[in-house]
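Peer 1: Below are the chains, spelled out letter by letter.
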Amino acid sequence: MMVDVTLWAGLRPLADNQKVVRVEARTIRELLRELEDRYPGLAEPIKGQVAVAVNGVIYRNDWSQELPEDAEVLLMRRLAGG
Amino acid sequence: MSFDATYQNKSFNSVGTRPLRPDGVDKVTGRARYGADFNMPGQLVARVLRSPHAHARIKNIDTSRAEAVKGVKAIVTAADLPDLTDGDAGLFAILDNCMAREKAMYDGHAVAAVAAIDQKAAKAALNLIDVDYEVLPHVVDVDAATLPDAPVLNEKIFTQGVEPTPTMPSNVANRAEFGHGDVDAGFEQADLIVERSYKTEQTHQGYIEPHACVANCNPDGTAELWVCTQGHFVYRQNCADLLGLEASKLRVTSSEIGGGFGGKTHVWAEPVALALSRKANRPVKLVMSREEVFRASGPTSATSIDVKIGAKKDGTITAAEATLRYTSGPYAGMWAELGAMTSFACYDLESVKTVGLEVVVNRPKVAAYRAPSAPMAAFAVESAIDELAHKIGMDAVDFRIKNAASEGTKSSYGPVYGPIGIGPTLEAAKTHPHMSAPLGENQGRGMACGFWFNFGGQTCTDLNISADGTVTIAVGTVDVGGSRASLSLIAAEELGISYDDIKAVIADTSTLGYNDMTDGSRGTFSTSMATISAARNAIEVMRQRAALMWDIPLEDVYWEEGHAHAAGTKHGNRAPLSVKDIAAEAGNTGGPIAGHSELVADGAGVSFATHICDIEVDPETGSSRVVRYTVIQDAGKAVHPSYVEGQYQGGAAQGIGWALNEEYIYGEDGRLQNPGFLDYRIPVCSDLPMIDTQILEIPNPNHPYGVRGVGETSIVPPLAAIANAVSNAVGVRMAHIPLSPPRILAALNEANG
Amino acid sequence: MRYERPQTIEDATALLANADAKSFLLAGGTDLLVRMQNDDFEADLIVDIKSIAGMGNITETGGGFVIGAGVPCAALSENPALFVAWPGVVEAANLIGSTQIQGRCTMVGNLCNASPAADSVPALVAANARVRVAGPSGQREIAVLDVPTGPGKTSLKKGEIIEAILLPKRDGRAGDAYQRFIPRTEMDIAVVGVGVNLSLDDAGMVQSARVALGAVGPKVILSDKAAEAIIGTKLEESVLDALAAVCSDTSSPIDDKRGTVAFRKQVAGVLARRAAQTAYTRAGEK
Amino acid sequence: MSSIAVSTTINDDDVEFLCQPDETLLDVLRNRLGLMGAKEGCGTGDCGACSTIMDGRVVCSCLVLGAEAQGKTIETIEGLANGAELHPLQRKFIEHAALQCGICTPGFLMAAKALLEANPDPTETEIRFWLAGNLCRCTGYDKIVRAVQDAAAEMRGETA
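Protein chains in written order, with my numbering: chain A, 258 to 339; chain B, 695 to 1447; chain C, 5 to 290; chain D, 2 to 161.
Treat the hints as calculated values from the structure; they're not laboratory data. Treat each hint with caution, since some may be false.
[What the hints assert, rightly or not] Derived DSS-like pairs: lysine-lysine, alpha-carbon spacing no greater than 25 Å straight-line: (1) A/Lys304 <-> B/Lys817; (2) B/Lys1006 <-> B/Lys850; (3) C/Lys162 <-> C/Lys26; (4) B/Lys1124 <-> B/Lys1197; (5) D/Lys73 <-> C/Lys54; (6) B/Lys764 <-> B/Lys973; (7) B/Lys1007 <-> B/Lys850; (8) C/Lys26 <-> C/Lys238; (9) C/Lys173 <-> C/Lys261; (10) B/Lys1006 <-> B/Lys943; (11) B/Lys893 <-> C/Lys26; (12) C/Lys162 <-> B/Lys814; (13) B/Lys753 <-> B/Lys704; (14) A/Lys276 <-> B/Lys1104; (15) B/Lys1124 <-> B/Lys1006; (16) B/Lys943 <-> B/Lys973; (17) C/Lys157 <-> C/Lys26; (18) C/Lys162 <-> B/Lys817.
Note that the structure is predicted; figures quoted are calculated from it, not measured.
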């Protein structure tokens, strides 16, 4: 399944300045792997700074989360809370 | 076992009731033990030496005179905390903040610490540590720090997020941009535009309990830490990483916590206490003074924010733009970025652009404070929204309703919203009696909205059923304000037993799996999910035990209302088995009964609130008083409504203090002038009215009971709500928080010519 | 460091007279113990005067009231006669700190701490209060106005102790009032404080007046000009305007963490007007 | 510095202790007598977390020297309940959810006790000003004030 992943501004320089990257992935894990393979510079941020928003729901840690058909996927920075 | 977190829309027996909290008696009798209420045999007293300079190179530290003081057992400096952070900038910032390495970066920055047999010896030694400082130029103001001639704090900081990468170091650590659409085109379409700059001053979480810990390192490599923290597992990891300890050999016990609000989410002095203990080979107790708390822990960002919003005459916003500068202390954080993400989150915007600029200054390292960064952004945006509504001639609530985000809206920070509560809170505000109550002389009414993300995260819970059928739940999220009561209600609901048969305890790091902190409004959300999961697992075990007791197949046993039932009629009219019945036979049916859960609680629903307040201003002195205050917020599902109300009221009170009187005041020398509760003015009892609350329940689709986090959002709207009320009362737009009497009086004088 | 609790004023003054420079008197302790928290604080001797006979008493005499140096401010409002006679002094003293502080703090301590922002001092100065000073060479009496000489400094000599505050007898149509400004409703140090004390003639005209300003100079300011502005008037609007203007002009405050020069000057006028009106009303009710 | 011997009464018990001349009553209670219910939030009399009652007046025990306790009668949070029976204020604080983190609670309870002894029927304003020296950062004071009002009503015999 093909998914369009939107990168936050800070990540774009690490991905050939692309805002949206189209990858083949069924789960968050596959998505992150694919991004890392294609853009090795993303490996470092993906390790600890990234959360994935799927259809508006933010997943901080969960690799197993499946990506629904036509999912809207964004990479976001992990947030701090009080 | 995989856990289905989908919302079930069930009716509740326990959830939504208001039982007495299980730790209440301990806390009203003085028996509850907080950070400073614990001692170990042979324990030493620790004191920290702090920089009197806002910015200074540490040329040399000579501890020889201090070491000679009788009763001094250990002195540590940065040399005793070698850099093991391996390029992790966030961890390095925590390390450098715990103990200054090359430079003292702010007034109050730790430079050395002493452990001695008593306060007297520790104090004497502190006065005899000779630090050779080279005082450097400093900058504390957010705007001044971005000027070309500002002293550069860190030669290694080149603004990230701009192309091409700058060649000169700067105090702007990074730039983050969010938004969509074409704002320039949007402003072209606008009939009216409001554009204004705002400022907010730095505040502190102001928890009443200073940081405190007892550290004990043994020669065999094991260690213990008793500490007040929002997350003992995180503290364990921080300390293990910074001191080179094995995480599993460091047992961290969280004390009762006397307030945190984000300020106890990472370590401050705990690694120092452990380092002292390691060096002295004795337990060490370290308790910060109030002055140390203000000078060297916690604060939030000071900000400078420019907002521009355009709308058509019919009230449709065509474009919105903001540039947000946030101080982060001496180390880069993501505070401006959070401000940029949250600023327009309440609205459905065709074109929006926000830019966050993270500014390093010679102030303490910024820590999270309840919905970090959102209140200042909301102050600026909600002030501008109000001003624009006035300009258009529309009611402030109607204008917001017209532009409010709803399910399917693409948020200003990126994702598309699911079901959300901004519209309903606004509709509730519109019809709330407060909105139509008459105002007295010199009074003004203001309202504002607020947003916060809410977190989930890693969670682990144990649920153990005793032989008498009572239940212990061991959780790993620190109870900051009543979560033991909420979680007991959840367990009672899921198991179908009485609240009184459940005891919730906070387990230490050696007896339970890892848990993220109690932050991001995640405590009840995440741990309730894990508790439901653990209860379901325990029910599964009890079904098996019941099948065994009845000698019938497992599939013929179902669970309902706290009992195992035999399905159908083929097993005769067997009386259902209660938890107590099954527990009593546990020894014969396979041993202790327990349910465990390890999960990542994702899908925390975003949270919205709308606040209304009335302010009375004394036109002759600029003094202002909150005369009425109403909080309306979506809780998803209020598990224990009293403590949900408490979160709403507490957040509002903190926001009111921020709006009116709280601020860090620095002298020309860069030293903090008000490190105490006398001149850092948090609201006192006589400053506030009763705070009315209205809980809305728009279920979170990603939680079995529909729960959303409730802890933080309530601090987001007050700054703007109060600024709008004061502006309406005095007829002058107030754009600098806090709205202290001198600022209000100056504005009144200007308006009156 | 020594802690001493002498039983007589002679023993107390002797202790202080013979002590090293770093000796301190302890009455309510609400300022001293705060200073003791500081790492730089050093003391050789602390003399607790509360066990000395009479220190805890409020005595009504033919000449007025004698308030012992150990009387906590909370006790002032519990004395009906004192409250009726000097409501402005009592309300000023009762504004110092919280309930907890009220249970300990004393007016003499407030005076001797010599903070320019002390709440009770402008009210005492307006009331023309005096203090009885005991020392190695016997007793003397001086005006409250002459005790503080600057921030943290007093005119007391080595070995001297203020035993009591002496409030004059009150008769006829007279009233006093104290107004202060703080950012919150409680728990703050005065940003500006104004004490007004006045008496009326039979026609309701101000016969005599004293106006004292706090927190707008290095020490309390007794403004003769302000008094002159209201003497011989019935506090008509124009008179109050003039009073406010004089008080603003007389103020010479500094910018600090608690307020700005402009704010303090302006608010001094506002509070003077309000305090004068209250004092006038109180006087008129007698 | 030599220690001072002090004889005093704490929660109806005769207590003797030694303390340093510069030691506060709060430190004596916590570190020498094991009475840790009084908390140190500031050490400067600004937060009220260390409130105790001395000779009938509520004071900040951080602003009292241990030596000053000589001959005094002192009440602390540990003595507020009558054995297993909670004081009405204690019960009402739990019932009204008037505490979140609970660190300020002992101080509030002692201050409120002194209030209701001085004024059994206080108005909301009187409660708020009496308690202004007790800082709470969690609750916004709303539920605290209600708990005190309710306890006062019960103690006056007006319970519904």
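Peer 1: Decide, hint by hint, whether the structure agrees.
Peer 2: Here is what the structure says about each hint:
1. A/Lys304 <-> B/Lys817: 44 Å, violated
2. B/Lys1006 <-> B/Lys850: 46 Å, violated
3. C/Lys162 <-> C/Lys26: 11 Å, holds
4. B/Lys1124 <-> B/Lys1197: Judged against 25 Å, a Cα distance of about 42 Å means the pair is violated.
5. D/Lys73 <-> C/Lys54: 13 Å, holds
6. B/Lys764 <-> B/Lys973: 17 Å, holds
7. B/Lys1007 <-> B/Lys850: 49 Å, violated
8. C/Lys26 <-> C/Lys238: 51 Å, violated
9. C/Lys173 <-> C/Lys261: Roughly 39 Å between the alpha carbons, so the hint for C/Lys173 and C/Lys261 is violated.
10. B/Lys1006 <-> B/Lys943: 63 Å, violated
11. B/Lys893 <-> C/Lys26: Given that 25 Å is the threshold and the Cα spacing comes to 46 Å, the pair is violated.
12. C/Lys162 <-> B/Lys814: 29 Å, violated
13. B/Lys753 <-> B/Lys704: 66 Å, violated
14. A/Lys276 <-> B/Lys1104: Status holds; Cα separation ~16 Å.
15. B/Lys1124 <-> B/Lys1006: Distance ~22 Å between B/Lys1124 and B/Lys1006 Cα, so the pair holds.
16. B/Lys943 <-> B/Lys973: Roughly 18 Å between the alpha carbons, so the hint for B/Lys943 and B/Lys973 holds.
17. C/Lys157 <-> C/Lys26: 15 Å, holds
18. C/Lys162 <-> B/Lys817: The hint is violated at about 30 Å.
Checked against the numbered hints above, the structure breaks hints 1, 2, 4, 7, 8, 9, 10, 11, 12, 13, 18 and satisfies the rest.
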